[in-house]
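Engineer: Listed here are the chains, written in short residue letters.
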Amino acid sequence: MKTAMRDRDENNSTEAALELNAVSKTFTSGKRIIQALDGISARISLGCITGLIGSDGAGKTTLMRLAAGLLLTDSGQMKVLGRDVATEALAIQAMLGYMPQRFGLYEDLSVQENLDLYADLQGLPLAERPSRYAELMHMTGLATFTRRLAGQLSGGMKQKLGLACTLVRSPQLLLLDEPTVGVDPVSRRELWAIIERQVESTQMSVLLSTAYLDEAERCAEVLLLHEGKLLSQGPPAEFSNRLKGRTYSLSATGLTKRELQRRLSRAPGVLDALIQGEHVRLVMTNHEPPDVKHMLLGIEGVELSAVPPRFEDSFVEMLGINTPKYPVSDSHTSVKPITGGAAIEVQDLTRCFGKFVAVDSVSFNVGRGEVFGLLGANGAGKTTTFRMLCGLLPVSSGRASVAGVDLHQAAATARARIGYMSQRFSLYGQFSVIQNLRFFGSAYGLNGVHRQSRIDWALQEFGLASEVDSNSDALSLGYRQRLSMACALLHEPEILFLDEPTSGVDPLARREFWRRINTLAEQGVTVLVTTHFMEEAEYCDRLAIMAAGRILVLGSPAEIKTKAQTVSQPTPTLEDAFIRLIQPSTELQA
Amino acid sequence: MLYRIIALIRKEFLALFKDKKTRVVLVVPPLIQLLVFGYAATFDLNHVPFAVYNEDSSSASRELIAHFESSPNSQKTTDISDSREIQPLIDAREVMLVIHISPQFKRKLVLGEPAPVQVIVDGRNSNTASIVLNYTRSIVTDFNLQWAQQHGRASPPVYLQSRAWFNDNLQSRWFLVPGIVGLLTLLVTMLVTAMSVAREREQGTFDQLLVTPLRPIEILIGKAIPGFIIGLFEATLIILIAVFWFEIPLRGELLMLYSGVFLFLLSAIGVGLMISSLAATQQQALLGAFLFLVPAIILSGFATPIENMPDAVQTLTYINPLRYFMVVLRGVFLEGMPFELLMPQLWPMALIGVTCLFLAGWLFRHRMV
Amino acid sequence: MTRGGSTMRLRALVRKEFLQILRDPSSIAIAFVMPIVLLLLFGYGVSLDAKNVPVALVIDQPSADTASFSSAFYATDYFKPITLRNMQHAEIALLAGEVDGIVHLRADFGRDLRHAGGAPVQVIVNGVNANTGRLVLGYVNGVWSTWLQHQAEMRGGTLDVPVQVEQRVWFNSELRSRNFLVPGLIAIIMTLIGALLTALVVAREWERGTFEALMVTPVSITELMLGKMIPYFVLGTGSMLLSVVMALYLFDVPLRGSFWVLWLGSSLFLLVALGMGMLISTVTKNQFLAAQVAIIVTFLPAFLLSGFIFEIASMPTVVQIITHIIPARYFVALLQTLFLAGDVWSVILPNALALLLMAIVFFVLVWRKSRKRLE
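Chains as they are written, first to last, in the working numbering: chain X, 1 to 590; chain U, 1 to 369; chain B, 1 to 375.
Just so you know, the hints here were simulated from the structure itself, not pulled from any lab data.
Some hints here could point you the wrong way.
[To be verified] Here are the simulated BS3-like cross-link-like pairs (lysine-lysine), alpha carbons at most 27 Å apart as the crow flies:
(1) B/Lys80 with B/Lys51
(2) B/Lys285 with U/Lys18
(3) U/Lys21 with B/Lys369
(4) B/Lys80 with U/Lys20
(5) B/Lys80 with X/Lys79
(6) X/Lys79 with X/Lys229
(7) B/Lys285 with U/Lys21
(8) U/Lys20 with B/Lys285
(9) U/Lys76 with U/Lys106
All chains, please: the whole structure from these sequences, using the hints.
Structural biologist: As structure tokens, then:
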């Protein structure tokens, strides 16, 4: 493993897609100076996909913007395709494709009009257009939607259209800034297929940043950034090989998977313990095999097997040491038991927007203390269902009751028993951490000593004490997510609604987050969650996969995997299962 | 419930005043506007530039001109000696008025025949022109009376004794500055309230509020009271400046004035919150507020009397809360209106306010997302 | 980068902008609805000319003389008189705003009339609205002198008035306020489109991140700027034409100057307004702030400090100096002259020159502020 490739490549005169030489960049935000990039030197090769990995605030977006000529370096030199960015920005931009995190699609223009605009701006000759358009539309599966306004596309389709616009005139270097955030697994696979095909057929170079570590494994090479510094660079296999012989899979019949994970994660020598279906995946700090007998004294049916390491294991190992870990204590809440019946009951729930049926007679029940996952492609009706259950959207027909009460009947008392955490950060950004906590505490009717004790609990539990007076906007994504969760838990709710709670959050923060959810569930809190991360779906007791407003399958992760078994794929992952189950219906929709 | 509402109000103030830019936007522009517009908005004419074309160089004609020169409203800029000079002077707006005295002026005057004086006025701004004509007439009337006395001529059988009540010198600032109090109070209140729900919707915090046990009525009160306090503060500040800086007389009772302010704020907040809960984005809220504000100001009687409007438009003004507030402001400031006379202005504002607030509260939860 | 590529890019940007305007209800509201609402309000709704002013005629003791005097008030359409017998009633009516003035003929009106001193007529106006008050006094004065004239003629003589005013009002002989309000409104409407709308749409592109994607294409900053300006220039010109057509055919405002000079002047002003709009949005990059700034520095001054309603010459010197940096001031002067007076070059040239200068200043500023970078 080389911390810098520069030494090796200095004599190598072949052109690189991107060359950074001691590049630094700082920003000032208020009185604070943020060192976004700190003396980075790297070389990105031509004709392959290079991944840019790192937690929030690692400097990924800044690096992309510098390469696109949208920002200037403070010091150091940056060359794109052999040209200096500082002096030849316009010439570089003619050879470059760049897709920012929120791609600038004009939402009030149609798919075709967006494409035309970028074709004109990129100077694609008229004669070449019909064939290029046909190719792109076929590739992205947008051919039938050319007249639809971009604003009315689902999240996945928007990303694909954004990619099509950047690819309209095949660029020599393609910069993609987290192109798959908030995109469902099916669309994610399709996006990757498009990118890989482009690289193969045109020898395009691609630099792609991502928070999905399974995507890192598909890259030819990976750059690992952390707090503005380049930690490491190399092929992904090189990363995972370091952990060879340190990864295991373990199951025990005598314990629930959550209890098992909790015990294991606190055992000595264990670096990481992760729920995977009915198993727990273990990463050890060294090559000593886990002392299972000692760890799980008196537990029956323990099975241990060695498994190959993944990129993610190495990521956790490298960054886990660098980021302070906050202990997740067990002392959470004292939940009052729900009086009778299931926590959530949904019967023939339907919601129409005009003629469009967003949710079509959906029925399911969630028991107390259950973690229930709602999966589905973008636009399948998950969020609509969710909003109806939280009382944010009136129900067209059918019945939904939460904690035994119909939430939309203005039952303020019922709302006092639920906690809600939305897709994007939705606390008061200009307030400090403590101000947000105080406000939401009062909004939930806590006061006086009780409120103060809950706030103290939240600050300590979520490791927010050091940030008490920081503005919420200035927090990193991981901290913001902790704060959102803290606010949702202040009043000790019985039911927790989590709408894509970890979208865009880095893997470490995600782990910590799920550890909390598991503890809560153990204590009897009911959790309803939507997610696009299939590894997160593994944590759920039961899952419902939705498509086109209906529930396709309902069952435990293991049951769902069984349903998707085929001869060619006897042990499908949850993602494989999801894609197999959802594919026919999406094709039907198209 | 009270406790939760207090928390909401504190939150609202924090949201408004934590940001330095918002603090500045709420206080500084209204003050500058009050000062600039307090001085700029006037229908009074001072130093109207005029030219004299005197073809009769007699003592009588000079005396008439002296009457014009001594008036504070007008100021002689040029003497001309050729009728061809008149047109370019007026065309280029160098003078607003030309006084033409014909050669026989003195002769006719002495003979007792009517001696004509021709005045030519620039009519491009019709309002200015009518005022200039009025000034001219009253100057000439003064001259006539004086001449009649001095030369023993019969005075007219009937003469006018004119008085203007409430505003002896007919200063239009006395009329317009109380109007600006209403205008700026409306502007600030609308800005605070119209954006408030829309901003929370856009940032997602409104959903977060709706899932708490807070009832719509509590959220509504929590949104209305900060707007109310800010509006009250702003109105008080502007009233103080109007009284102490512009020296507008405050003849009525403060209690009357503040009951007007109170009900007007109620209606303004109602309209603001209604616009805000209808809008999905801040831009829509802003445009909605703008689309309301402009007609509301034009149709309030602020600068142009409502009685001059066509009947259909007059009917339209009945749904404009500013219309009523203008009457209250001017009535209390200048006329010292008693409560009975203010009543017809007060209840419509209360009605508009309550209706709009009710609709806003309903829209919080029932607006289709 | 050939010239052909440049026109293609520019055309694409302009086309995009037009499509967006047509699909965004809020753009349509500012660009089309607002101008028409303003034109109708000002054309029909707002008037400074008082007609049918309600006045109370208080006649203590009716006689042939008082009847003759009061009939003069009934004869003119400036007044809508009501006759009362009691001064107290009249005063209450004035306080309640039912009448704007009181004309009081005392009990000894008939007797005094025939005496040397003459009979006094007490006139009280409500001075709250100073402007209306003054107009009412002027009207009463007019009625009174007509009556005197009439009386003198009835007695077979002429009225003994030493000096008689012969008034001539140029350009707007009927003194219709519509004739100066409607042309001035064009300045307001063009400020609305040129400055407010442009500031909003440019700020929106910054907010939504669409500029970030545009900037990485081979588009140059000049093309980006032109791509924004051309559509709103066309839109502004369109609204100017609409206003002119409505002014001429709906509101019967005369256009005495040349249409082409009007066109040229409007184009110059539109450039200034666009320059202001672009500058505001480039500096703020945020819709909320851009709208605030645009309303405070462009829209309100165009309304109040341009001479549109309030005469600049009557403002205090300091405020008069401030009006010199308000572009609308020059344009309002141009508009009122072109519509009502004609092609008066002594007005057109200096004002047009001032607009040209301001346009240049704003574009230099915008140019220096705009970078193809995010910083």
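Engineer: Going through the earlier hints one by one, which of them does the structure break, listed in rising order?
Structural biologist: The structure conflicts with hints 4 and 5, although it agrees with all the remaining ones.
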